[in-house]
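Protein chains in written order, with this note's numbering: chain A, 130 to 377; chain B, 276 to 640.
Among the clues, some could well be false.
What the hints assert, rightly or not - Pairs of lysine to any residue, SDA-like flavour, derived with a Cα cap of 20 angstroms:
id	chain 1	residue 1	chain 2	residue 2
1	A	Lys268	B	Lys548
2	B	Lys561	A	Thr229
3	A	Lys244	B	Thr339
4	A	Lys244	B	Leu495
5	A	Lys268	B	Val634
6	B	Lys548	A	Leu240
7	A	Lys206	B	Arg540
8	B	Lys575	B	Phe448
Said to hold, decoys possible - Over the 10 angstroms line for every Cβ pair with chain A, so calculated as not near, a few chain B residues:
id	residue
9	Gln535
10	Ile544
11	Val572
12	Ile615
Said to hold, decoys possible - Sample of chain A residues at the chain B side, in silico, Cβ under 7 angstroms:
id	residue
13	Cys136
14	Ser241
15	Asn267
16	Thr357
17	Phe360
18	Pro363
Since the hints were derived computationally from the structure, they do not count as laboratory data.
From the three backbone atoms N, C-alpha and C, an ideal C-beta is built for every residue, glycine too.
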Amino acid sequence: MTDHPSCAIEISGLDKWYGNFQVLKNIDLSVAPGERIVVCGPSGSGKSTLIRCINRLEEHQGGSIAVNGISLNDSLKNLDAIRREVGMVFQHFNLFPHLTVRENCALPQILSRGKRRKEAEEMAMHFLTKVRIPEQANKFPGQLSGGQQQRVAIARALCMTPKIMLFDEPTSALDPEMVKEVLDTMVALAEEGMTMIVVTHEMGFARRVADRVVFMETGEIVEADKPTAFFDTPRHARTKNFLASIMH
Amino acid sequence: MTAIDMNPPIGHIESPGPPRPSRRSLIRLFFGDFAASCLTVLTAALLISMIPAVNWAVFDAVWTTDDPSACREGGACWAYIAAKFRFIIFGVYPPQEQWRPLLVMGLVLAMILASLSPRLWGTRLVYAWVVAVAAMLVLMWGGVFGMTAVSTSNWGGLPVTLLLALLSLGLGFPFAVFLALGRRSVLPVPRLLSVITIELVRGLPLVGLLFVASILLPLLLPAGWSIDKLGRTLAALTVFAAAYLAEVIRGGLQGVPAGQIEAARALGIPSWKAVWHIVLPQALQKVIPPLTNTAIVMVKNTSLVLIVGVFDMLSASRVAATDPAWPSPYVESYVFVAMIYFLICFGISNYARWLESRVQARSYR
Ligand SMILES: Nc1ncnc2c1ncn2[C@@H]1O[C@H](COP(=O)(O)OP(=O)(O)OP(=O)(O)O)[C@@H](O)[C@H]1O
Ligand SMILES: [Mg+2]
Numbered sequence: 130m131t132d133h134p135s136c137a138i139e140i141s142g143l144d145k146w147y148g149n150f151q152v153l154k155n156i157d158l159s160v161a162p163g164e165r166i167v168v169c170g171p172s173g174s175g176k177s178t179l180i181r182c183i184n185r186l187e188e189h190q191g192g193s194i195a196v197n198g199i200s201l202n203d204s205l206k207n208l209d210a211i212r213r214e215v216g217m218v219f220q221h222f223n224l225f226p227h228l229t230v231r232e233n234c235a236l237p238q239i240l241s242r243g244k245r246r247k248e249a250e251e252m253a254m255h256f257l258t259k260v261r262i263p264e265q266a267n268k269f270p271g272q273l274s275g276g277q278q279q280r281v282a283i284a285r286a287l288c289m290t291p292k293i294m295l296f297d298e299p300t301s302a303l304d305p306e307m308v309k310e311v312l313d314t315m316v317a318l319a320e321e322g323m324t325m326i327v328v329t330h331e332m333g334f335a336r337r338v339a340d341r342v343v344f345m346e347t348g349e350i351v352e353a354d355k356p357t358a359f360f361d362t363p364r365h366a367r368t369k370n371f372l373a374s375i376m377h
Numbered sequence: 276m277t278a279i280d281m282n283p284p285i286g287h288i289e290s291p292g293p294p295r296p297s298r299r300s301l302i303r304l305f306f307g308d309f310a311a312s313c314l315t316v317l318t319a320a321l322l323i324s325m326i327p328a329v330n331w332a333v334f335d336a337v338w339t340t341d342d343p344s345a346c347r348e349g350g351a352c353w354a355y356i357a358a359k360f361r362f363i364i365f366g367v368y369p370p371q372e373q374w375r376p377l378l379v380m381g382l383v384l385a386m387i388l389a390s391l392s393p394r395l396w397g398t399r400l401v402y403a404w405v406v407a408v409a410a411m412l413v414l415m416w417g418g419v420f421g422m423t424a425v426s427t428s429n430w431g432g433l434p435v436t437l438l439l440a441l442l443s444l445g446l447g448f449p450f451a452v453f454l455a456l457g458r459r460s461v462l463p464v465p466r467l468l469s470v471i472t473i474e475l476v477r478g479l480p481l482v483g484l485l486f487v488a489s490i491l492l493p494l495l496l497p498a499g500w501s502i503d504k505l506g507r508t509l510a511a512l513t514v515f516a517a518a519y520l521a522e523v524i525r526g527g528l529q530g531v532p533a534g535q536i537e538a539a540r541a542l543g544i545p546s547w548k549a550v551w552h553i554v555l556p557q558a559l560q561k562v563i564p565p566l567t568n569t570a571i572v573m574v575k576n577t578s579l580v581l582i583v584g585v586f587d588m589l590s591a592s593r594v595a596a597t598d599p600a601w602p603s604p605y606v607e608s609y610v611f612v613a614m615i616y617f618l619i620c621f622g623i624s625n626y627a628r629w630l631e632s633r634v635q636a637r638s639y640r
């Protein structure tokens, strides 16, 4: 793929199969630096698979992906460089339960960047303060609420100073009263100009933050548009059906 | 206090707490229903049946005497234990050098105490153990620093039991980690090697493995090579411990969710570091109870080495009991040795329970 510096993420012709089942079909998507993309679509449409291909938690079989001009191929050096650029937040947090909150944020910096402990811990506290839970630093993840855990997960990803953040349904495992604190954190991040791809069904968040909303179904991008156009005048029948189903 | 209380306290305020059981509730406790009645009767029968044993062990026992013939009555002969204490604990180790195994046992105890707190676990502690074990072996062997040399065939008793248990578990553990990781590896060669090793060793009884190590191994080794009998025994115990520990650890590895490795990969952590720092600690925490179980079994398994002629504590006690001066004090010997094993295993078990509660305290959700 061409190294296009004006693209944070450049996906073209992406195909992925699980055995005989094609999960992603000829996906094209480019994301400009600072752009916020919200991806939505019914369950099983391939949203998670798409963003997990970007940092190669899943391997793709066809097409190409480039992140900040680095193309994702079999070179481990490139993969390593891409993972430096890209942070990820999971639906189920995936915090390390045997480590304290501070250690969750500090240890990855030590292990993957060879940072000194003192520096790593300062960074950890900086971002824990930013997600407004510095006082929980010495607790273990199992002692926090879901919303707090997800904010720790965001801080942990930010500690690696990524240029792009991927979120895979960050609020869908949370009790309703905790959704807001996590979304607020993400809004703050967006306002700082972070490039983000967010898989979510929080349409309020999409309206407020997204530059573009992407609707996926059965492994294809059906429609992608600015939030106002997407929500108010969807073009495809499938998009309309989907919007009707989630708005009740 | 409630209104239905039958004996309201007069003149003093009773402290809050569970009400004392009244006679009626005691009767209900012991004979409340059929099951409770059965249990009560059975327990009583058991207690009564133990009376002769208690008489033997306590009331009819001979506690101190220098005259073995005083033990010809019916009771236990604890005086014999007192007389043979040194031999059971130290075996045939030269008595004038006895301070050396004593120091070794002190060292073992000190190192164990120093290792109890997980806060101190780390590479430094591993180095400390390597140095300590080397010191223990030097102390036992001698031949340097003006200590007379004592060959391993003269080692015996509790230090041998402790060294075998500690070293077989300590050396077996790293092997076990590799075997467990190998068995879950996607690479076919390590996986096959691990599976073969684990299944082969687990398919053999320990006694068989000890015989292989003590009889077959010297025949298989090239001429001029020889490994000391104690060393061969230790090798067999180590391999045995490794195979069983590996299966326990594998169970723990399986219990670590895939999301943990995914998070580590997304954070750019190199995969072997992720295994070491993220996956393994969690896997081990999950299997503390079965690990403890294996450790306890291994401590007791060391007593099987008497079959190939290694002089551990149990062997020493059996040899001590053959002294014709004392009237067949086998039961006393075994009870004494059993008590020592019990203390060790009970200690391990309690420590493990404490560790586990510590892990559980990290999540109250
Ligand atoms: N490891 C796998 N092996 C086989 N099929 C898989 C695997 N992972 C996902 N799939 C299938 O791929 C499809 C897309 O899955 P994906 O998780 O990307 O969907 P999604 O859009 O994120 O759905 P959800 O909203 O439920 O998270 C689904 O049909 C799923 O069953
Ligand atoms: Mg998903």
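Here is what the structure says about each hint:
1. A/Lys268 / B/Lys548: 23 angstroms, violated
2. B/Lys561 / A/Thr229: Holds, at roughly 17 angstroms.
3. A/Lys244 / B/Thr339: 67 angstroms, violated
4. A/Lys244 / B/Leu495: Violated, at roughly 51 angstroms.
5. A/Lys268 / B/Val634: Cα-Cα ~13 angstroms, so holds.
6. B/Lys548 / A/Leu240: 7 angstroms, holds
7. A/Lys206 / B/Arg540: 14 angstroms, holds
8. B/Lys575 / B/Phe448: Status holds; Cα separation ~17 angstroms.
9. Gln535: 6 angstroms, violated
10. Ile544: 5 angstroms, violated
11. Val572: 26 angstroms, holds
12. Ile615: 35 angstroms, holds
13. Cys136: 21 angstroms, violated
14. Ser241: With a closest approach of 4 angstroms, the A/Ser241 hint holds.
15. Asn267: The hint is violated - A/Asn267 has no Cβ within 7 angstroms of chain B, the shortest such distance being about 11 angstroms.
16. Thr357: With a minimum Cβ separation of about 32 angstroms from chain B (threshold 7 angstroms), the hint on A/Thr357 is violated.
17. Phe360: For A/Phe360, the interface hint is violated, since the closest Cβ of chain B sits about 31 angstroms away, which is over 7 angstroms.
18. Pro363: With Cβ-Cβ at 32 angstroms, over 7 angstroms, it is violated.
Taken one by one, the earlier hints fail for this structure at numbers 1, 3, 4, 9, 10, 13, 15, 16, 17 and 18, listed in ascending order.
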